[in-house]
Amino acid sequence: MAEIRSPIPGTFYRRPSPDEAPYKEVGDTVAVGEVVGLVEVMKSFIEVKADTAGTITAFKVENEEPVTAGAVLAELDG
Amino acid sequence: MSVKVVNPGLFTTIQDLGRPGYFHLGIPISGGMDRYAVRAANLLVGNDEGAAVLESAFMGPTLEFESDATVAVTGGEIPPKVDGEERDCWTAFKVKAGQVVSFDYLRRGARAYIAISGGIATPKYLDSRSTYLIGALGGVEGRAVGVGDMLPLGESAGAPEGRTVPEKLRRLPGSPAELRVLPGLYWRLITEEAGRNFFEDEWKVAPEADRMGVRFRGGRPLSFKEREQPFGAGSDPSNIVDGCYSYGSVQVPGGTEPIILHRDAVSGGGYFTLGAVISADMDLIGQLQPHTPTRFVSVTMDEALTARADRARLYQELKSELA
Numbered sequence: 000m001a002e003i004r005s006p007i008p009g010t011f012y013r014r015p016s017p018d019e020a021p022y023k024e025v026g027d028t029v030a031v032g033e034v035v036g037l038v039e040v041m042k043s044f045i046e047v048k049a050d051t052a053g054t055i056t057a058f059k060v061e062n063e064e065p066v067t068a069g070a071v072l073a074e075l076d077g
Numbered sequence: 000m001s002v003k004v005v006n007p008g009l010f011t012t013i014q015d016l017g018r019p020g021y022f023h024l025g026i027p028i029s030g031g032m033d034r035y036a037v038r039a040a041n042l043l044v045g046n047d048e049g050a051a052v053l054e055s056a057f058m059g060p061t062l063e064f065e066s067d068a069t070v071a072v073t074g075g076e077i078p079p080k081v082d083g084e085e086r087d088c089w090t091a092f093k094v095k096a097g098q099v100v101s102f103d104y105l106r107r108g109a110r111a112y113i114a115i116s117g118g119i120a121t122p123k124y125l126d127s128r129s130t131y132l133i134g135a136l137g138g139v140e141g142r143a144v145g146v147g148d149m150l151p152l153g154e155s156a157g158a159p160e161g162r163t164v165p166e167k168l169r170r171l172p173g174s175p176a177e178l179r180v181l182p183g184l185y186w187r188l189i190t191e192e193a194g195r196n197f198f199e200d201e202w203k204v205a206p207e208a209d210r211m212g213v214r215f216r217g218g219r220p221l222s223f224k225e226r227e228q229p230f231g232a233g234s235d236p237s238n239i240v241d242g243c244y245s246y247g248s249v250q251v252p253g254g255t256e257p258i259i260l261h262r263d264a265v266s267g268g269g270y271f272t273l274g275a276v277i278s279a280d281m282d283l284i285g286q287l288q289p290h291t292p293t294r295f296v297s298v299t300m301d302e303a304l305t306a307r308a309d310r311a312r313l314y315q316e317l318k319s320e321l322a
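One line per chain: the protein sequences are A and B, in this order.
Under numbering that gives the first Met the number 0, the first sequence has 47 at position 48, and the numbering climbs by one with no breaks.
Under numbering that gives the first Met the number 0, the second sequence has 275 at position 276, and the numbering climbs by one with no breaks.
What the hints contain is simulated information worked out from the structure, not anything from laboratory work.
Please note that a few of the clues may not be correct.
Facing chain A, from chain B, some residues (calculated, C-beta under 10 Å) [to be verified]: (1) 10; (2) 77; (3) 97; (4) 99; (5) 103; (6) 104; (7) 105; (8) 209.
Facing chain A, a subset of chain B residues (Cβ under 10 Å, in silico) [stated by the list, open to error]: (9) 8; (10) 109; (11) 208; (12) 289.
Cβ atoms here follow ideal geometry from the backbone N, Cα and C, with glycine treated the same way.
All chains should be modelled from the sequences, with the hints used to inform the complete structure.
Pasting the structure below:
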């Protein structure tokens with residue numbers, strides 16, 4: 000099992016903007032470098048990218064929840 | 000001699016102790032948000048306390064060294080790694096020519112200060128190498144460090160590795176963080192109840208906090224005393240006839256979200272400021288992560304001056320420890 004972690008502390012978003020669909024849902028596959036969410040800090044939105052490929056088995060943080068640096072955002076199978 | 004920036008991290012800027020003396024012209028003081036950490040990092044690697052260092056917010060850079068150097072990382076705990084091997088924070092370590100320094104995830108605090116023996120030797124602007132981003136002053140041609148930048152280094156007489164700042168001389172905010180505030184000139188504009196609430200409530204650091212200002216949310220909105228707005232002031236009760244802002248002053252636009260003005264802040268404006276965070280606590284603000292619960296504590300001028308003297312003593316202790 001692989002994990003996708005937040006590189007920075009801030010607020011986690013699963014959607015590119017409030018009226019768009021989430022980047023990824025549980026069961027979706029991700030490729031290396033694919034965006035799975037955003038973390039907002041200091042008036043900037045930083046893209047969180049997968050560094051391994053796989054299928055998302057769970058999101059560990061809800062949309063718009065605070066995260067710390069290194070926090071696991073999602074788990075991957077494969 | 001120089002260091003190559005392989006990856007700048009998120010917000011990495013060159014900072015020293017700042018650019019005082021031009022605030023009246025609207026040029027902010029800039030410099031490291033946690034200047035105690037700037038000084039400590041420099042002393043660890045044998046530099047003058049005011050040499051230029053890298054300030055990295057929330058995430059460290061990746062740096063490739065062209066020549067041998069001594070490095071120290073202080074302030075927020077973003078543990079450094081030399082060719083992938085972790086080194087201690089607040090401790091001097093050697094890096095050999097060709098080696099790469101990268102960083103692990105942030106563990107505590109918010110901003111790491113990376114000092115390199117010799118100091119970063121980019122050109123000074125108005126006596127300082129500090130980066131003021133929106134004014135495009137200092138730093139690397141007025142900007143943050145970027146991929147591929149070669150950062151020039153000054154001469155160093157060499158510094159041993161292994162020197163460390165004892166735990167009791169490392170300074171980071173607790174949780175909840177406590178920031179001491181001296182009520183100021185415009186305190187009279189808010190009601191007594193609003194004044195009590197401000198100090199009773201628990202606030203949280205907003206994610207948009209940056210080098211200009213650190214915003215807080217979560218406390219009750221302030222209520223203002225009835226008054227007819229004077230000529231020249233805006234119509235909102237939090238507006239004043241334009242006044243001066245000090246480093247540390249706390250403005251509350253619309254009475255809702257306090258903003259503490261920090262090193263890159265504007266020097267004046269039309270929002271009232273309820274007071275100022277005391278100088279002894281300003282470094283701590285640079286180490287607040289988003290969402291950190293924070294309490295404001297009311298102090299008198301005497302208490303503020305005592306705290307300032309305590310801080311000065313702490314620094315003297317650090318200096319004799321690393322002498």
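- prompt: Against which earlier hints does the structure fall short, listed by number upward?
  reply: 3, 4
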